[in-house]
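Keeping their order, the protein sequence lines are chains A and B.
Just so it is clear: in the first sequence, position 28 is 28 by the working numbering, and no numbers are missing.
Just so it is clear: in the second sequence, position 72 is 148 by the working numbering, and no numbers are missing.
Treat each hint with caution, since some may be false.
Covered stretches of chain A, as calculated for chain B (at least 3 residues, CB under 8 Å) [claimed, not checked]:
#1 3-9
#2 15-25
#3 46-59
Label pairs and their in silico Cβ distance ranges [as the list claims (entries may be wrong)]:
#4 52(A) to 155(B): 19 to 25 Å
#5 131(B) to 32(A): 32 to 38 Å
#6 26(A) to 201(B): 23 to 29 Å
#7 48(A) to 120(B): 32 to 38 Å
#8 134(B) to 40(A): 26 to 32 Å
#9 52(A) to 90(B): 56 to 62 Å
#10 57(A) to 123(B): 23 to 29 Å
#11 23(A) to 97(B): 54 to 60 Å
#12 47(A) to 200(B): 21 to 27 Å
Rather than coming from a laboratory, the hints here were simulated on the basis of the structure.
Bear in mind the structure is a predicted one, so any value in this text is a computation, not a measurement.
Backbone N, C-alpha and C fix where the C-beta goes; we use that ideal spot for every residue, glycine too.
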Amino acid sequence: MTREIRVKVERDGSVEADFRGFVGDDCLEEAERLAGILARFGLEVDPVRARRKTPAEIEAETGVEEEERDRVPTRE
Amino acid sequence: MSVISSYRTRIRLSPERLVGGEVDPTWRLMEEAVQAAADELGGRVTDRITDYYGRVTVCDFAVVTPEFPRGVGVRVEPSGEVVFIYDHYGGYQRVGAEIRERIAQNYTALAVARALEQMNYSVEIGEAGGGRGEARAVVVRGTL
Numbered sequence: 001m002t003r004e005i006r007v008k009v010e011r012d013g014s015v016e017a018d019f020r021g022f023v024g025d026d027c028l029e030e031a032e033r034l035a036g037i038l039a040r041f042g043l044e045v046d047p048v049r050a051r052r053k054t055p056a057e058i059e060a061e062t063g064v065e066e067e068e069r070d071r072v073p074t075r076e
Numbered sequence: 077m078s079v080i081s082s083y084r085t086r087i088r089l090s091p092e093r094l095v096g097g098e099v100d101p102t103w104r105l106m107e108e109a110v111q112a113a114a115d116e117l118g119g120r121v122t123d124r125i126t127d128y129y130g131r132v133t134v135c136d137f138a139v140v141t142p143e144f145p146r147g148v149g150v151r152v153e154p155s156g157e158v159v160f161i162y163d164h165y166g167g168y169q170r171v172g173a174e175i176r177e178r179i180a181q182n183y184t185a186l187a188v189a190r191a192l193e194q195m196n197y198s199v200e201i202g203e204a205g206g207g208r209g210e211a212r213a214v215v216v217r218g219t220l
């Protein structure tokens, strides 16, 4: 599955990163890795907010219905 | 899980331009960002700016454009912090700010592109917006 990170850099220097095609917590790990490398390139990034994508958005990107995976019963 | 995250950014270069006899990557990036801003605005890169009275200030980098011949300078403080210096007296506030923002935006985009390349992503850089009354955004797309 193709993974994509789309980063929009606004005129005021703020950035919005859209992680596409990631499953589970992979995107959070990738975001941390990206932030670490950016620091080495002289760019410090402070998270302002993060929005979890809607199931419809995720399904459109990956074909995986994330809500369905969340419904798998777990042992008490 | 896939997310959309927003970040504030701050540029901080290596305090020293030369590290181990080579130009530090952060300084190289700033050089590229400054050159790109100059090209985009029909200007040129230099190492000095002037003020309203014609006094010269030497900087680490500077961009001079036809719209703002006094120029916008980039000075790197001993801490690595980047300071933009220019004299906007006489109606040059907007053009000065535009050059400053272009340099910072280009630096940020180039840093993101280099970082994604290091993570083995294939990288493309494009633009979004920039139409009438709309601020231009730079979009860096990395695919793996």
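A quick look at each hint next to the structure:
| no. | hint | verdict |
| --- | --- | --- |
| 1 | 3-9 | holds (count 7) |
| 2 | 15-25 | holds (count 11) |
| 3 | 46-59 | holds (count 10) |
| 4 | 52(A) to 155(B): 19 to 25 Å | 36 Å, violated |
| 5 | 131(B) to 32(A): 32 to 38 Å | 46 Å, violated |
| 6 | 26(A) to 201(B): 23 to 29 Å | 24 Å, holds |
| 7 | 48(A) to 120(B): 32 to 38 Å | 36 Å, holds |
| 8 | 134(B) to 40(A): 26 to 32 Å | 29 Å, holds |
| 9 | 52(A) to 90(B): 56 to 62 Å | 36 Å, violated |
| 10 | 57(A) to 123(B): 23 to 29 Å | 48 Å, violated |
| 11 | 23(A) to 97(B): 54 to 60 Å | 45 Å, violated |
| 12 | 47(A) to 200(B): 21 to 27 Å | 25 Å, holds |
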